[in-house]
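Chemist: Here is what each chain is made of, one letter per residue.
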Amino acid sequence: MLSQDALKQIDREIAKYPADQKQSAAMAALAIAQMEQGWLSTETIEAVAGYLGMAPVAVYEVASFYNMYDLAPVGKYKITVCTNLPCALSGGVHAADYLKQRLGIGFNETTADGRFTLKEGECMGACGDAPVMLVNNVRMCSFMQPEQIDRLLGECE
Amino acid sequence: MGALGFILNAEEGERGWRLAEYIKRGGYSALKKIVNEKIPADQIVGELKKSSLRGRGGAGFPTGLKWSFMPRQFPGAKYVVCNSDEGEPGTFKDRDILRWNPHMVIEGMIIAGYAMGCARGYNYIHGEIWEIYKRFEEALDEARAARLLGNNILGSDFSFELQAHHGYGAYICGEETALLESIEGKKGQPRFKPPFPASFGLYGKPTTINNTETFASVPYIINEGGDKFLELGKPNNGGTKLFSVSGHVNRPGNFEVPMGTPFKDLLAMAGGMRNGRKLKAVIPGGSSAPVLPADVIMECTLDYDSIAKAGSMLGSGAVIVMDETTCMVKALERLSYFYFEESCGQCTPCREGTGWLYRVVHRIEHGEGRPEDLDLLNSVTDNIMGRTICALGDAASMPVKSFIKHFGAEFEYHIQNRKCLVPEDVQRAGSGFFKAA
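Which chain is which? The protein sequence lines are A and B, in order. Mapping of the first sequence onto my numbering: position 112 corresponds to residue 112, and the numbering continues sequentially without gaps. Mapping of the second sequence onto my numbering: position 4 corresponds to residue 4, and the numbering continues sequentially without gaps.
Keep in mind that the hints were calculated from the coordinates and are not lab data. Honestly, I wouldn't trust all of these hints.
As the list claims (entries may be wrong) - Here are the simulated DSBU-like pairs of lysine-lysine, each with C-alpha atoms no more than 30 Å apart in a straight line:
#1 LYS119(A) <-> LYS419(B)
#2 LYS16(A) <-> LYS134(B)
#3 LYS8(A) <-> LYS234(B)
#4 LYS38(B) <-> LYS100(A)
#5 LYS22(A) <-> LYS193(B)
#6 LYS419(B) <-> LYS49(B)
#7 LYS100(A) <-> LYS49(B)
#8 LYS119(A) <-> LYS187(B)
#9 LYS32(B) <-> LYS22(A)
#10 LYS22(A) <-> LYS187(B)
#11 LYS309(B) <-> LYS78(A)
#12 LYS78(A) <-> LYS50(B)
#13 LYS187(B) <-> LYS8(A)
#14 LYS50(B) <-> LYS16(A)
#15 LYS50(B) <-> LYS32(B)
#16 LYS419(B) <-> LYS16(A)
#17 LYS32(B) <-> LYS16(A)
#18 LYS78(A) <-> LYS419(B)
#19 LYS49(B) <-> LYS22(A)
#20 LYS119(A) <-> LYS330(B)
#21 LYS16(A) <-> LYS309(B)
#22 LYS186(B) <-> LYS119(A)
#23 LYS401(B) <-> LYS76(A)
#24 LYS309(B) <-> LYS8(A)
#25 LYS49(B) <-> LYS76(A)
#26 LYS16(A) <-> LYS330(B)
Stated by the list, open to error - If we take Cβ atoms under 8 Å as the criterion, some of the chain B residues that face chain A in the derived model are:
#27 GLU88
#28 SER287
#29 TRP356
#30 HIS362
Don't be surprised by glycine CBs; every beta carbon is placed ideally from N, CA and C.
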């Protein structure tokens, strides 16, 4: 289910916590699993639970509580746009509108070719760089005016 | 990056954050001094008290006092935790501290471990800033390799291990007990207090939680003395402080200035109002702080006491600037949606109340407001505030109360005329997004 490489990464996370507190690595283990599998299926969540010796429901609780876990398949590129007030004052909502128009989809939708999913995000802690977007949870893109958005979409071929 | 101070004094770029550069700037000298001179823990806590350093995460609690609550002699595990789960809308200072000066935070945490008798620490880093999290992990590796972390630090009998924990998108984890639950691998739902973390914290052990900027202030206080730090600011408001300026200004960003700096000066540092438009309102301390109208904020200085006197909070130092193109109903609608979305659902007044607040503001914004809606909103906030385990309920209520208090006429116009006082095209121009199109 999870690759040897993923398990090795999870082991490194487990080592961060006291020996009797393995469950502390649940968040990181889910993130690692999601990066590898693209999203978190019930089977993936169960595999993580098995590896950490946790009840599957306890891991599912974590996966469903935090916004950055995807419990359904997403496109190859998940773009999350912050539309919260500080970003909105500098074009966050307009940037999201521009993306919707370019991709022909709304929030929580995926393009027909499976390439892009669009999400509305909450504060990413980068309000000075608005408009801000996050690609696949790991790459933060700042000052996203139309030209920069076009370039980003071009890079995501 | 903004004005130079001791926290943001690192050079931007790919090298300035590294250990060698930090040491060149005098880094880790506070830790060396403590370890070499075997400075007693009480003396460290005493310097912090003298410095008048107050918690930079938003609550402004005196750091020295907080550290003195830790039962230093308690046998067994104790923890130091750094709260870098920066998700309060408007706040983006911790990201820059960790980006340009991660070792200053690490040094502050090691000193905290020494002063409070803790052998382990965690830095909880906001989910959305993966690149910063990875950099912090690299900085930790550098510190370990240099024997600044781990067993027998710098050859002494003091040992301290530090790890980074990466969040995954939950505003509530910025609340300290929710953050502890999250490190324990659970949903981030706040705990009832008391017991406070100093007696029952991470894994049920004594724990002290401070904000990133708070820890970053510690090495300076040890090197230069608490008095000097206090003198940087003003009485009861020691030090410099980072202010994150966002919204309708020409140069948004972080600015490190002395406590007590006039708001006007900060606005000028941020390049003034975008396109020279007129200031309408400012949220001075992150989205949870009450909004202040232009004429009130223009008379304020930036410190805990002045902002409190004006009826708001300095909070995390997140200054959200709004000009005359802003529809205050729309602005509040977005904030109310945020709290509704981020309520952890544990307490009924907050879980249900934030939904009521959002839906009522939403209907006003969309031309379906009713004459009784402003009273209804105030009544909902009264039924949330003070009735929940954590402060999220209050945080959701304060914007609503203050927006209605200061901009009630705009809400009434919306209800009566079923449209906004500020024309749509004016609002659209305000964001500056279409300038390139």
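Chemist: So, for every hint listed, does it hold in this structure?
Modeler: How the hints compare with the structure:
The straight-line distance between the Cα atoms of LYS119(A) and LYS419(B) is roughly 28 Å, inside the 30 Å bound, and the hint therefore holds. Annotation: proposed proximity of LYS16(A) to LYS134(B) holds, straight-line Cα distance about 15 Å (limit 30 Å). With a C-alpha separation of about 51 Å, the suggested pair LYS8(A) and LYS234(B) falls outside the 30 Å cut-off, and the hint is violated. A threshold of 30 Å between alpha carbons decides the hint, and for LYS38(B) with LYS100(A) the separation of about 61 Å lies outside it, so the pair is violated.
Between LYS22(A) and LYS193(B), the direct Cα distance comes to roughly 26 Å. Compliance with the 30 Å bound is thereby established for this hinted pair. Restraint check for LYS419(B) and LYS49(B): the C-alpha separation of about 53 Å exceeds 30 Å, so the hint is violated. For the hint pairing LYS100(A) with LYS49(B), the CA-to-CA distance comes to about 52 Å; that exceeds 30 Å, so the pair is violated. Proposed proximity of LYS119(A) and LYS187(B) is supported: the alpha carbons are some 22 Å apart, at most 30 Å.
Under the criterion of a C-alpha separation no larger than 30 Å, the hint pairing LYS32(B) with LYS22(A) is inconsistent with the structure, at around 34 Å. Taking the CA atoms of LYS22(A) and LYS187(B), the gap is near 15 Å; set against the 30 Å cutoff, the hint holds. Distance check on the hinted pair: LYS309(B) and LYS78(A) sit about 45 Å apart at the alpha-carbon level, beyond 30 Å; violated. Annotation: proposed proximity of LYS78(A) to LYS50(B) is violated, straight-line Cα distance about 49 Å (limit 30 Å).
Of the supplied pair hints, the one linking LYS187(B) and LYS8(A) holds, its CA atoms being roughly 25 Å apart against a limit of 30 Å. For the hint pairing LYS50(B) with LYS16(A), the CA-to-CA distance comes to about 35 Å; that exceeds 30 Å, so the pair is violated. Among the hinted pairs, LYS50(B) with LYS32(B) is consistent with the structure: their alpha-carbon atoms are about 21 Å apart, no more than 30 Å. Proximity of LYS419(B) to LYS16(A) is assessed by CA-CA distance (about 55 Å); at most 30 Å being required, the pair is judged violated.
A hinted pair counts as satisfied when its Cα atoms are at most 30 Å apart, and LYS32(B) with LYS16(A) qualifies at roughly 25 Å. Taking the CA atoms of LYS78(A) and LYS419(B), the gap is near 35 Å; set against the 30 Å cutoff, the hint is violated. Distance hint between LYS49(B) and LYS22(A) is unfulfilled; the C-alpha atoms sit about 37 Å from each other, more than 30 Å. Note on LYS119(A) and LYS330(B): the hinted pairing holds, with a Cα-Cα distance of about 20 Å set against a maximum of 30 Å.
Note on LYS16(A) and LYS309(B): the hinted pairing is violated, with a Cα-Cα distance of about 44 Å set against a maximum of 30 Å. Simply put, LYS186(B) and LYS119(A) have alpha-carbon atoms about 24 Å apart, close enough for the 30 Å limit, and the pair holds. Proximity of LYS401(B) to LYS76(A) is assessed by CA-CA distance (about 43 Å); at most 30 Å being required, the pair is judged violated. Simply put, LYS309(B) and LYS8(A) have alpha-carbon atoms about 54 Å apart, too far for the 30 Å limit, and the pair is violated.
For the given pair, LYS49(B) sits about 52 Å from LYS76(A) by alpha-carbon distance, which is inconsistent with the 30 Å threshold. The hinted pair formed by LYS16(A) and LYS330(B) fails the criterion: a straight-line CA distance of about 44 Å is larger than 30 Å. The criterion of a C-beta within 8 Å of any C-beta in chain A is met by GLU88(B), whose closest approach is roughly 7 Å, and the hint holds. Given the 8 Å rule on beta carbons, the hint for SER287(B) holds: about 6 Å separates it from the nearest Cβ of chain A.
The restraint placing TRP356(B) at the interface with chain A is violated, with a minimum CB-CB distance near 20 Å, outside the 8 Å limit. For HIS362(B), the suggested interface contact is broken, since its CB lies about 14 Å from the closest CB of chain A, more than 8 Å.
Consistency with the previously given hints fails for numbers 3, 4, 6, 7, 9, 11, 12, 14, 16, 18, 19, 21, 23, 24, 25, 26, 29 and 30, ordered from lowest to highest.
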